[in-house]
Amino acid sequence: MDAFTMIQLIAIVLLAILLVFSIFMTERKKKPEIPKRTITVIRCDNGDYETKRDFRQGDFIGKVEGKCPKCGGILRVHSIYVEEIQSAK
Amino acid sequence: MDGDIQGIISTIILISLFLMMFTNIGQKLQLMFLTANLKSKLAILEKLLNDALSRSEKLLALAGSKNPKKTVRKLTEFFVIEPVSIEPTDIIRRLAHILDTRRHNVRRILVEDLGEKSKHELSNIEVVLEVTSALNYLYKVVRHYLLLGEKTSNLILVMQLAYLMPTILKIADAYHKSLDAFEKGLPIGDGLGPLVAYRLTYNAPRKPIVEETVYSITEIDGRLVYVVKAEGPGATVGKPGEAIEKLVEKEKGNISRIITVDAALKLEGEETGSIAEGVGAAIGDPGPEKIRIERIATKYNIPVDALVVKMSAEEAIQTMNKKIAEAADKVVEEIKDIIKHRVPKGGKVIVAGIGNTIGII
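Those sequence lines, one after another, are chains A and B.
Read left to right, the first sequence gives residues 1 to 89 (my numbering).
Read left to right, the second sequence gives residues 1 to 361 (my numbering).
Okay, chain A solo, but in the shape it has when bound (with noise of 0.2 Å):
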């Protein structure tokens, strides 16, 4: 086999390199994604107790949950969001 044939089949298994690496960036996997939670958060009206807890079906945003136990104030949910859970390292 001479030099010239010897390019050519390298420059034709350089494209096929090629063409294989395309294809396999425009299909790469997408980012796993990251798992999260919806938290309600309940505070005082008065402003001296919060807690968080899961969300319920049910939840919104000023819905009364009943008594605070440090003054006796009227708990409401005072926000509903998504975060992020943070994985254990």
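Rather than coming from a laboratory, the hints here were simulated on the basis of the structure.
We treat Cβ as the ideally placed atom computed from N, Cα and C, and that holds for glycine.
Mixed in with the good hints, there may be bad ones.
Said to hold, decoys possible - For lysine-lysine, the following DSSO-like pairs were computed, each having C-alpha atoms within a straight-line distance of at most 30 Å:
{"#": "1", "chain 1": "B", "residue 1": "323", "chain 2": "A", "residue 2": "63"}
{"#": "2", "chain 1": "A", "residue 1": "63", "chain 2": "B", "residue 2": "310"}
{"#": "3", "chain 1": "A", "residue 1": "52", "chain 2": "B", "residue 2": "323"}
{"#": "4", "chain 1": "B", "residue 1": "170", "chain 2": "B", "residue 2": "69"}
{"#": "5", "chain 1": "A", "residue 1": "63", "chain 2": "B", "residue 2": "58"}
{"#": "6", "chain 1": "A", "residue 1": "31", "chain 2": "B", "residue 2": "177"}
What the hints assert, rightly or not - Quick look at which bits of chain A chain B covers, simulated, 3 or more residues with Cβ under 8 Å:
{"#": "7", "segment": "2-16"}
{"#": "8", "segment": "59-70"}
Please arrange chain B on chain A, whose structure you already have, making use of the hints.
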């Protein structure tokens, strides 16, 4: 032997180059690869749509629908014809009328199928169906251009669709993920405005003023504050423009300032939850509500302030995240600051929390 191989390879390369340069085989190959790729993406869209359809049907069945399949099909294919725009006279009134008719017709179809339900429950079901309808539309439009491009071998059309596809898939994925919030009645990013309104008034009584819109009265540092928001906790945006107009007329124009608070789309690179202040009516409706605020403010020469919290389009329709929830408290402080410095003691001010109030009373 070496010479033979070399000759064959050279001939193949030459013929290939000739065919690629002087015939349309190259384009045909490109078209083939692109359509194959687009078909796989269309399959993803179809999967999202089928899931949304089955979830909508399940939701309707749980709410007591007699024929969930029929109702879902009817509402996902429901369309609105925009008013004539080459004759702009009265266009806002005509648009408002068409939007009202749409809202009432959709509500009527749901009530006919489900019977009397609470308006909050109906609003949530309505929005789930709207999301499904948006996914249905995206799927049908993509399929249309793909089939048209294939049928007419239009490489430019297929290429444009292929380049748009990642963005379309991103939008479809955001819509699909938003179903979770609407099914469970969770606050979404766009609920930032109503959340600020809630944090300004907490348990103050909500007085109905116009359709699906309420207002509360509070006092900040000796200034009377009317706080307008959509009526929660169902998924609705209400009619804040009409409500502000009514309040200003009720006060005979004796309003020192109107402050509008809304979620705004961030540009790539901007941080979610960052706050910006400006002037004008911060409201992203098709027009009828925004123009009411502008007209009434101009009529009585009332300055209109705008406070926005930046977020992406995906964040705006998905469950509210922590950054946005925390931004609400900062906006409340900014509003108090504006009122203290720009509204005279004893003055009256209107604060409107614009956005979808799902999950917020």
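Going through the hints against the structure:
Distance hint between residue 323 of chain B and residue 63 of chain A is fulfilled; the C-alpha atoms sit about 22 Å from each other, no more than 30 Å. Between residue 63 of chain A and residue 310 of chain B, the direct Cα distance comes to roughly 27 Å. Compliance with the 30 Å bound is thereby established for this hinted pair. Annotation: proposed proximity of residue 52 of chain A to residue 323 of chain B holds, straight-line Cα distance about 16 Å (limit 30 Å). A threshold of 30 Å between alpha carbons decides the hint, and for residue 170 of chain B with residue 69 of chain B the separation of about 27 Å falls inside it, so the pair holds.
Our distance criterion of 30 Å between C-alpha atoms is met by residue 63 of chain A and residue 58 of chain B, whose separation comes to about 27 Å. At most 30 Å may separate the alpha-carbon atoms for a hinted pair to count; residue 31 of chain A and residue 177 of chain B meet this at roughly 17 Å. Remark: the segment 2-16 of chain A is confirmed as covered by chain B, as 6 of its residues place a Cβ nearer than 8 Å to a Cβ of that chain, reaching the required three. Proximity of the segment 59-70 of chain A to chain B, defined as three or more residues with a beta carbon under 8 Å from a beta carbon of that chain, is established by the 5 residues found.
Every hint from the earlier list agrees with this structure, and none is contradicted.
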